[in-house]
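Protein chains in written order, with our numbering: chain A, 1 to 160; chain B, 1 to 270; chain C, 1 to 385.
Heads up, a few of these hints could be off.
To be verified - Taking lysine-lysine pairs in the DSSO-like style, the calculated list, with each CA pair at most 30 Å apart, reads: (1) Lys95/B <-> Lys271/C; (2) Lys95/B <-> Lys344/C; (3) Lys148/B <-> Lys32/C; (4) Lys118/C <-> Lys95/B; (5) Lys123/B <-> Lys109/A; (6) Lys125/B <-> Lys32/C; (7) Lys148/B <-> Lys271/C; (8) Lys43/B <-> Lys68/A; (9) Lys48/B <-> Lys110/A; (10) Lys26/A <-> Lys4/A; (11) Lys89/B <-> Lys344/C; (12) Lys271/C <-> Lys128/B.
Claimed, not checked - DEER-style ranges, computed between Cβ atoms: (13) Gln117/B <-> Tyr260/C: 46 to 52 Å; (14) Asp111/C <-> Pro189/B: 54 to 60 Å; (15) Pro199/C <-> Pro189/B: 55 to 61 Å; (16) Leu359/C <-> Pro107/B: 55 to 61 Å; (17) Thr163/C <-> Ala137/A: 28 to 34 Å; (18) Val39/A <-> Ala80/C: 32 to 38 Å.
Because the hints were derived from the structure by calculation, they are not lab data.
Fair warning: this is a prediction, and the values are worked out from it, not measured in the lab.
From the three backbone atoms N, C-alpha and C, an ideal C-beta is built for every residue, glycine too.
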Amino acid sequence: MADKYQNEFGGFAEKPKVPKKFYDLKYILLGLVIFFGLVFSPILPNLGKIVAAPSPNLDTPAILKLAKKDRQCVMPTPYMRTYHMQLLIDWREAAIRHGNREFISPTGKKFVANLSDTCMGCHSNKSKFCDQCHNFAAVTPNCWGCHLDKEQKVAKGGAK
Amino acid sequence: MGMDRRDFIKLAGLSTLLGLGSNSALELLRPGQAAAALEGEAKPLTAKRWAMVVNMRQLDGETAQKCIAACDRVHNVPDFGNPIAPAMKLSAADKARWEIKWIWTAPYENTFPGDTQEYVDEKVKDLKFLLLCNHCDNPPCVRVCPTKATFRQEDGIVMMDMHRCIGCRFCMAACPFGARSFNWKDPRPYIKEVNPDYPTREIGVVEKCLFCSERLAIGLMPACVVASQGALAFGDLRDPKSKVRELLDANFTIRRKPFLGTNPQVYYIV
Amino acid sequence: MLENAFTGTKRYYGLIAILSGLFALGFLFYLKQLSTGLGITGMGRDVSWGLYIAQFTYLVGVAASAVMVVLPYYLHDYKAFGRVTILGEFLAVAAVTMCVTFVLVDMGRPDRVLNVFKYPTPGSVMFWDILVLNGYLLLNILIGWNVLECERHDVPPPHWVKTLIYISIPWAVSIHTVTAFLYAGLPGRSYWLTALMAPRFLASAFAAGPSLLVLLCLLVRKYTKFDPGREQIQSLAKIITYATLINVFFFFCEIFTVFYSQIPEEMIHFKYLFWGVDGFGRLVPLMWFSIVGMTLAGLLLVNPNNRRNENTLAALCGLVIITTWIDKGLGLMTGGFVPNPLDKITEYWPTLPEALIALGVWALGFLVLTLLYKVAVSIKEEVRA
């Protein structure tokens, strides 16, 4: 018995017999392969590779000079890990636009809000500290186009 | 304010003894810079209205060059005539086009164009005036900046925020004194002696003299003033006891293009 | 409606291909400019604005000229212009697209362009320029598209489109006035420090824009089945005549003020452009060609026979376009910056990469123009069929 359906006039008619066919199947499949190939292309070459977790190195001459209890950054480490970008942006707004270069940490210590002198003064090993996490997360902060890190100077044995 | 006599004599002595340029000698006289950075023991110099007096009677060509060298070194200003790699040598035309000048010299007829006459005294004919941003009190460059990347601070300094500048160069068109430079090329290959305590700039932003606001913040006078051996005076125009007021009270001074109403704050004693 | 842009004759596809190719070439050089800096142009410390901003200035004028067809039709019921308002509006869209692109291409840090919106500065003319330019682009896209769609379906445009049209009329004048104000308020550039800057800009805009529109109308008539109309082209020709003559008159007003007052600072820029100073005179032949050609074009256009003959009209329109382009596209920038504020002369000439990037932006604009005109003309052909 053929399928019947109710049309708009209330009468019953037979559903027309249309052969089921996938038009342009070859091209659709090819397109899908190319598309998913492109989408997954970053992942496929790295399948199975193990990338070591970043290990930022804190052993710089400036930090080692300090007593263990004095080795405190401008803010506590968990805060710095999450918000150091925001802190730097706040510092630059305050320093450049409001002339306010003084930063007082939660411990009451005063710092000069300066990336190259204050931050990189202690963390003078950019490639072993900053770059470790940045490379892992594929982040390229554009500070270094202008701001200088102290790495070469320390490597050459300059005083800092 | 500024260097007292003891420090100046120490500096002069050290420079003579060791044949050093003023900047390196300066660093010897600023011990504990790193410690200060960590302990924040900065006593900033403040003013209600910073101004500079250039005493051309005391400034000779050699000292002027020392002032320029001090500024260029402290601020990593590139020298396009002197690339680090000799292969990057530029033609004279390119060098002139891409030149970055924060402070430079020019003869009288270029410093005060339109103010010239046919017969000028010998001294002025040969004088090389020191030119820099005038940090005008009514700056047209600040008026035109679409992002407030250049702005007038409370103390009168016309400041630049390199992070915000979009490189439209409207401020360069607006400046009646030609005090602004643009980074047409990457400056780093042309900075022989990099000062790690101050950033360089990237392509695409405008830069100019900032009255050494970063040095004022840690209690130091501008680099050119320190190198000028007294020919440049820098101080608070609103403080009747400042050096600049002293000089302005005692000497007739002229400014560049005062009739334009920008109210430039660099005064020249000729 | 947009589907009309994707079908056409072989000639149409050829034109699209050439324009796309030129755009791609310009784009490649632009990538080089992004990586090595604006140093690949001929600009420098003394002449800090060059070909790009000059093109932007010229094209803002062309964009503003759309008001010359919109105003008579919508405000004064000049029914004849009904056929060509869409062509004027789409020309404005293409021109403003080029303007915005030229500004982007000239910026040192285009990645920071949104700073203009993040930190609005109402005291800066450039802030307003960016606002009004983008606003005008949006206005013309909305108006043009809706009016065209209504024409296709033979219905009158809705009320809100009429409101936008009335807004676009003073807006068109404002975009070019604001652009003129970029120059006319700078205390250090006496070539530009004249109240006549905005009127001169508008006069040359209303000469150049309709000239381009006349040439485009003649091309449309030749290559498609839509005829913009003889009366329409004649009306535009009259507008071009008077605008050109007024522009020349304004120029002579400037010359009088500058040279009768004999103020050296004022005269030196004109002297550099038209006579050369200290042996520097790269633009002298071009400037003379520009002013003589413009005057000649204006005077010849006065004769109605020259306007009625569409061949001479096309030639004179071409002359107007070239001469106003030299005046605004080359002379304006260089005259303002040479000599510099220290009375030194540094000449400027665009480099090859700079010229190719500019050509690429022009190609982009003409690409947009071609696509939009194809849509408009197809609809017009369809309606009249």
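Which numbered hints fail: Failing hints, ascending: 4, 5, 6, 7, 10, 13, 14, 15, 16, 17 and 18.
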